[in-house]
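Peer 1: As a plain string of letters, each chain reads:
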Amino acid sequence: MLDRLRFPQPWLSLILFVTWQFLSEGISGASVVMGLLLAWAIPQITEGFWPEKPAFVKARRLPMYLAVLLWDIVVASISVAKLILSPRQPKPIFVCYPLQLEHPLAISILASTISLTPGTVSADVSDDQRILLIHTLDAESSEEVIDAIHKRYEKPLMEMFQ
Amino acid sequence: MMTIALYITIAMVTLAALLNMYRLIIGPDAADRVLALDTLYINAIALIILLGITLGTRMYQESALLIAVMGFVGTVAMAKYLKRGSVIE
Amino acid sequence: MSLFSEYLISGLLLIGGAFTLIGALGLARLPDFFTRLHGPTKATTLGVGAIMLSSVIYFSSTDQGLGISEILITVFLFLTAPVSANMLAKAAMHLGVRTTDSTEGNPWEQ
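Chains as they are written, first to last, in the working numbering: chain A, 1 to 162; chain B, 163 to 251; chain C, 252 to 361.
For reference, chain A alone in the conformation it holds in the complex:
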């Protein structure tokens, strides 16, 4: 019986608990009990969907990464806005980006980052998880895009995960 009372993913449980407190109207006994129940039950139910445990090696670098990302999102939106408002036609490229990351969670974080930043949307990952297909809205050459993404986002992620 007591074996069941475990939290296989403490971070996920913590996030669920805190989110539930935010969603309820003020913190009360009921919301704490319900939050604990959800924090226990949801990781148990969804355990099959996590192929391997997310492994952060250096999680303390994450806030810095998020700060850079937030700034880039603002810059990205301004540059996309400029392009939309200017009358010239954009010059889109499909870029095949060679991935050096191996962890699935790291790849999905990189793909989400790419979708939110300057003129790039990640479209697909190849089946062997080696190549990421990226659509860029307006770029000079694919080498330039690959270089920029590698320097700015993949390096810090590699340091975090390996």
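Read the hints as simulated data drawn from the structure, not as lab findings.
For each label pair, taking beta carbons as the anchor points, the in silico distance ranges come out as:
#	chain 1	residue 1	chain 2	residue 2	range
1	A	S86	C	F255	28 to 36 Å
2	A	E143	B	T219	52 to 60 Å
3	C	L346	A	E144	27 to 35 Å
With a straight-line cut-off of 25 Å between C-alpha atoms, the simulated DSS-like cross-links for lysine-lysine are:
#	chain 1	residue 1	chain 2	residue 2
4	B	K242	C	K341
5	A	K91	C	K341
6	C	K341	B	K245
7	A	K91	A	K151
To be clear about the criterion: a stretch of chain B counts as covered by chain C if any three or more of its residues have a C-beta under 8 Å from a C-beta of chain C, and this derived list gives those stretches:
#	stretch
8	182-191
9	199-211
10	218-225
We put the beta carbon where it would ideally sit given N, CA and C, even for glycine.
Go by the hints and put chains B and C onto chain A.
Peer 2: Chains B and C in isolation, oriented as in the chain A frame:
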């Protein structure tokens, strides 16, 4: 001052919703229409929040949260349908 | 409400509205599906984020407590925008959506 800014913003978001409607109607592909719907629900969230500020009440924010959750699930289901031909395999 | 927060709220509202409008303009104006994908994922998400932020500031400056649900909505939108863009791009590649003539490279199919 703030009231004027609020009205201008509501006008801009409404115009944005109309432009999304335009894309929703002319298409040309199913994927374009789903993208237009996706943008439309995000604009609806913005309008609900603006309505909340105009009326000075917090009551409508729960519905904005619900639209955010349901809209995302809807977009993913539609994209999956377009790709696979079924939502649940 | 202080004058400063009023200016701040007005500015954020106008910025948010402008970005939302630009995102929709991009959706209506750009030539093919993949370029259209860029407007909503970036401009609209940031625009709605700015409007949410102004709402948070407004309700905290009128002493109605901190707006947790707006922050939750904003975080949720920022997390889901790339995912839905990615799903739609995959669907479009599967459907073989036409790309503009100036596009370099091809979407691959597997």
